[in-house]
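With chain A fixed as given, assemble chain B onto it according to the hints.
Letter by letter, the chains look like this.
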Amino acid sequence: MPIEIDISHVARLARLDLTDEELEGYRTQLGVILDHAARVQSLQSDPLHESAHPLGFVNAFREDERRPSLDHDEVLAQAPDAVDGYFAVPPAMESE
Amino acid sequence: MSLTDLTVAEAGAKLRDGEASSVDLLDSILDRASMTEAQVHAYLTIDREGAHEAAGKADADLADGIDRGPLHGIPIALKDNMCTRGVETTASSQILAGYVPPYDATVVQKLRDAGAVIVGKTNLDEFAMGSSTENSAYGATFNPWDIGRIPGGSSGGSAAVVAAGSAFAALGSDTGGSIRQPASLTGVVGLKPTYGTVSRYGLIAFASSLDQIGPLAKSVEDAALILEAIWGHDPLDATSFSGAYPDPGAGLDRGVGGLRIGVVEELAGEGYEEAVETGVASMVSQLSDAGAEIVEVSLPTFEIALSAYYLIAPAEASANLARFDGIRYGHRAEGATTEELMARTRGEGFGPEVIRRILLGTYALSAGYYDAFYGQAQKVRAAIQEDFARAYESVDVLVSPTSPTVAFEVGARTEDPLAMYLSDICTIPSNLSGHPGISIPIGVDGQGLPIGFQVMAPALGEEVLFQAAAEVERLAAFSDKPELAEVAS
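Residue numbers (the numbering used here), protein chains in the order written: chain A, 1 to 96; chain B, 1 to 489.
Just chain A, same shape as in the assembly (with noise of 0.2 Å):
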């Protein structure tokens, strides 16, 4: 059976402005699809161990040694907006 969703919250969590229409689509398709994925809840023995990684990594270290880093003004000219070597954006917080 397909599963409810509150999609306005999840699409308000994803940052993502959809229209009423779209966000009607996405909950009857998404309904479905975590019906099928659900079956994850059908394992019922707990596994021994838990990696995500296959060889077994936790962590990676390295020497803490400066390095050259990508250039400053090429990876601005890749900004929508940059002002004075920095990204512009509008207003993060609301002003009365």
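Treat the hints loosely; a few may be bogus.
Claimed, not checked - Ranges between beta-carbon positions, derived for each pair:
id, chain 1, residue 1, chain 2, residue 2, range
1, B, E277, A, L23, 40 to 48 Å
2, A, L23, B, A13, 52 to 60 Å
3, A, L23, B, D61, 52 to 60 Å
4, A, I3, B, G269, 25 to 33 Å
5, A, S69, B, E88, 18 to 26 Å
6, A, R39, B, A322, 22 to 30 Å
7, A, N59, B, D61, 35 to 43 Å
8, B, H233, A, I3, 53 to 61 Å
What the hints assert, rightly or not - If you want a taste of the chain B side facing chain A, the calculated C-beta under 8 Å gives, among others:
id, residue
9, S318
10, L359
11, A459
Derived by calculation from the structure, the hints in this document are not laboratory data. Given the structure is predicted, the values throughout are model-derived calculations rather than measurements. Yeah, the Cβ is synthetic: ideal placement off N, Cα and C, and Gly gets one too.
Relative to chain A, chain B alone:
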């Protein structure tokens, strides 16, 4: 025989015999592309200038006695989710239209160091999310064997250029089968190496614990040659493997005498086309005749692998794709506040499949649902790894179809996401376990469409993987080529 029909190994031999130059190889590829692209649409960008410069240098180096190895002077294509300095890289998304990376991915740098000539960037499902290369903001790619059908995906462009002869080989990326499934559907060899052996630095991330770069090639030997050039420890990738690497070419001529081959019981039955099952069964019996010991093996958790994958991969994608916010690169929509700008940029910049997966992943990770979905999926993932480990106590490699079906018709699954997801049912377990897998073409069905055979091996088992794959290739003796009409673009 046209130059474009040559394998990497054969083209390399011609270069060293002085029978063809790298520029000749490149020109043959570009001529071929000018004929095939109007029908197949596999390239998003062809870098004529950069490729000619690299080919000219490869020829000059060889004349000076500088030989950089098997890929020296060979034209190779890249999936457009690998960053190329100075060449547009879009991941087939509107949100990255016009993005020109300021750096090369590690694999790109390694190919350049190996003397390879980078021809251009190939089409994919947006951010590698899809199994048909129809989810591209720049239009679908079509299968060279039948342009009314899809080439598989998400590395459909890379598979199609190799099948159509408009590149000698290509790199793809495989998160749930995105190298092996399109290789199967287009009659080429496709390899997903062991997780952590090929650097992901500069690969536009989809699901970081699953993504792996690998070759699509015309032969098993070519796939091994390319793997040797691109893999190795990279300090720029924190998940990169730093121990001793196997020798993938060591067993190519060894045959399968005494090799224990497990046939996966779960990867057959309902949903599998008859021609696919018959083809795979026939290959298994030939392997037995060639001296392999064949065992039926059950890996019960494979039944829920797809479900786990469609929680883990979207969960990681929802985090990885948070970086596309219209601030540092790519497309930007107008907004009165930063948050409005971000939400509008993302809403209009991402295509429907990407949005679907971001929503799915966000839900699976959200408060109240995390344990039931994402947490449980991670347990399934560990259980799959344990199933594999049990199987490899009694066999050396596992085999199955690569895809339950041959190439399907354009548009057949676009309205039904779940049906599309089922295309990857045979390939997903190896991504969840991090193990290597390879698809080898073994024949065609009644409609003349290619069938792929998958070999899987334990982590770092590339030597035995290639040993078995090479024998499959010899036994299949598959030499059919797609017949594209002579249409100039």
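Could you check the structure against the hints above and give me the numbers of any it violates, in ascending order? 8
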